[in-house]
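Q: Each chain, letter by letter, is given below.
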Amino acid sequence: MISILLFVSVSAAGTPAPTPLERAEAALDAGDLTHASAILEEALVSDPQDADALWAAARLALRRQHTQRGIELLQRLLKLDPNNDEARFELAQALYDEGEQAAARTTVDSVLERHPQYPPALLLKLGMDGYIEAPTGRRTRWRPQVRAGVTAGFDSNVALDPGTVSAASRQKAGVMGFDAAAVVNYDVEERPATFFLRFATMQALNQGPDEADLANLMPTSLEAGAIAQRPLGAFVAAGDLRVQELFVNQFATEVQRLVAPSLWGGRRFGAHFVRLLGGAEWRQPVGLTGDVPTSLTLKVALREQVRLTRSLLMIDGGVRQNTALGESAAERDLAVANVATLGTGFQEAYASIYAEYALTQSLGLLAQVVGQARRFDDVDLRESTYSAQLGARATFGFTEVQLFYDYARNFSDPARAYDRHQAGAALRFWYD
Amino acid sequence: MTLSIMLSQLLLSTTAVAIQVAGDVQFESKGTVAPVVRFAEVPQGATVRTGPDGRVALRLPSGSLVRLGPQTHIALTSIERGIPAAKRKETVRVVVGRMWAHVMGLLGTESRFEVATSNAVAGVRGTSFWVSSTEGGAGEFVLEHGALDIRQGDVNLMLDRPGSAASFRAGGLAAGGTLDAWALATLRRGVGGAGASMISSLGGQRGALLQRGLRREEMRRTLVGPDNTIDSPVTSPRVGHELRGLAEIRVRLQLPDQP
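For the protein sequence lines, the chains are G and R, in the order given.
Using this note's numbering, the first residue of the first sequence is number 9, and each one after it goes up by one.
Using this note's numbering, the first residue of the second sequence is number 39, and each one after it goes up by one.
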């Protein structure tokens, strides 16, 4: 893996070993609060009077809602650094959050005694006295979110994915999509969970030679899912379950039902995070794709990612095995007779490299290359698909604008081979 | 009553305390040079120098904090503390190098906190910012938050947007560009080290409100981020291969590294 080579080369160059605080900062940058906390606690064992480590550890404990630990650390810090009025205010807030009203009042009073106009302390004091709703340092555990997106673009070949939709002429189309999701997060650090409902639809802006063909290529989906995560020693494990109903021609024709459970576990190695995942996808065609059997896809994949200050590199490789379920020999013969619509009974290996670079905090560039190879044993068919995507994103608060171009080329039986250009712009926003 | 106040004012500390020291740091006071050790008191009038690997954080009696980066030389020109602590007169002269200051709010019109360089003086009333100065007298102010009033002779320049910068040299003071969050993070790390960087990124009550953009970024990259709703680990890497329709180039979710 390229990133491993980079890591080895950087290590070999004799870079000084990072200090505990630098390691904690790196973990924090990666969103790994538990690891950052463990490093800081370790640093405080070897140097109990490190004021920066104490304050960082206290703030981290409060962020993790380990309020009692945060209070202990702030009290230790204030013995060493008694004029740290910010930390003293944070102690008052934490005491108040823990219901220790008297101690909180004494502490906030001591801050106001030194700084009578310190706004956060004034607000807390007003809250304690019942004049306003008292501010809280606690984070709510349940956080609802709404997200939505609008996409418009060009697709040179909308008639793809023979496994999903039966034969159709290949068409150029202007397309427009809309998606919306309602999400509820259970935002507890060690065991976060997400539950969501998502609606997505894509519609052609123009008509093909046969109007019905285009309408029958445009997907509309409803999806429900749950994702939960928990630590297992040095590893992180997560489970993911999604159920999706797919329609075409808006809701006129149901195409398939998908149930996709998966499990994955990962571990951090310095700046690298490696994840092994296994999953299944049970796909039951309905309606339009009557000649495609129910199938089960099993997948095993390995992902590695490296995040640097401005960039993210992710390497992903895996294999998938698809098997038709409950299909008679006659039905299978019928299915394989039409190579163009063959969508089950394959083995696949793929690899992808994704890179993201942030030019500024709000402007970033994206690129991805993917290679896939599939083999259909029943018809001795081998095909490969290569694609490249380039994109840019700009964020404005809770809104993101994306521009993208995607090219894909499939080498296969002439009845299946294709190339495809897609370009467009998307506007996404979310609110929580 | 008057006498007791006068006595207490006389007894009020006019020393800074070195709450964090790394590498080679020395101070000079009344002709005596001594290394700065952790929790050592550095008196008013002292000069402080950091070596190539040196960093120090000085807590002033008012609660304000200054952090010196490597190869920096400052003078604690004035540390006058009143009652309450917010009432004071503090002046720090930056001779050369880079300094970050977090200034607690001032009380009363008499109070002041000033940072002086050879060619510009900044007055603040409650803010945090960086200042750098070279031996030639050129340098830069960068505002972290709050507001900064910079003076050079009769010329005044106000910085009031986070990241906004002003450069100065002999006979010149000019507004600079605006630094983004990464540039500020680099400055923070460069001057204060990883500890200062973490303290800042974890924020306090104010930080949580001010860093909404960073919070959004954090949200996107964690399990509970909204992008996660379209990132199934089972699907093929390209959505377009699974479902007909426009390919979605999306910022792929960073896998949760840890809970």
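Hints are computed from structural coordinates only; laboratory data are not their basis.
For each residue, glycine too, the CB sits at the ideal point set by N, CA and C.
Heads up, some of the hints might be wrong.
Pairs of lysine-lysine, DSSO-like flavour, derived with a Cα cap of 27 angstroms [stated by the list, open to error]:
{"id": "1", "chain 1": "R", "residue 1": "LYS127", "chain 2": "R", "residue 2": "LYS68"}
{"id": "2", "chain 1": "G", "residue 1": "LYS133", "chain 2": "R", "residue 2": "LYS125"}
{"id": "3", "chain 1": "G", "residue 1": "LYS87", "chain 2": "G", "residue 2": "LYS133"}
{"id": "4", "chain 1": "R", "residue 1": "LYS68", "chain 2": "G", "residue 2": "LYS133"}
{"id": "5", "chain 1": "G", "residue 1": "LYS87", "chain 2": "R", "residue 2": "LYS127"}
The following residues of chain G were derived to be distant from chain R, with all beta-carbon distances above 12 angstroms [claimed, not checked]:
{"id": "6", "residue": "GLU50"}
{"id": "7", "residue": "GLN83"}
{"id": "8", "residue": "GLN109"}
{"id": "9", "residue": "GLN292"}
{"id": "10", "residue": "VAL387"}
Q: Does each hint hold? Answer for all of them.
A: Hint check results:
Taking the CA atoms of LYS127/R and LYS68/R, the gap is near 21 angstroms; set against the 27 angstroms cutoff, the hint holds. A distance of roughly 21 angstroms separates the Cα atoms of LYS133/G and LYS125/R; the hinted pair therefore holds under the 27 angstroms criterion. For the proposed pair LYS87/G and LYS133/G, the alpha carbon gap of about 23 angstroms is at most 27 angstroms, so the pair holds. For the suggested pair LYS68/R and LYS133/G, the alpha carbons sit about 44 angstroms apart, so the restraint of at most 27 angstroms is broken.
For the hint linking LYS87/G to LYS127/R, the alpha-carbon distance of about 25 angstroms falls within 27 angstroms, and the restraint holds. Non-interface call for GLU50/G relative to chain R: holds, since the shortest CB-CB distance, roughly 14 angstroms, exceeds 12 angstroms. Interface exclusion of GLN83/G from chain R stands, the closest Cβ pair being 16 angstroms apart, more than 12 angstroms. Even its closest Cβ contact with chain R, about 18 angstroms, leaves GLN109/G beyond 12 angstroms, as expected for a residue assigned away from the interface.
For GLN292/G, the non-interface assignment is confirmed: its Cβ lies about 15 angstroms from the closest Cβ of chain R, beyond the 12 angstroms cut-off. Consistency note on VAL387/G: stated as away from chain R, and its beta-carbon is indeed over 12 angstroms from all of that chain's, at 19 angstroms minimum.
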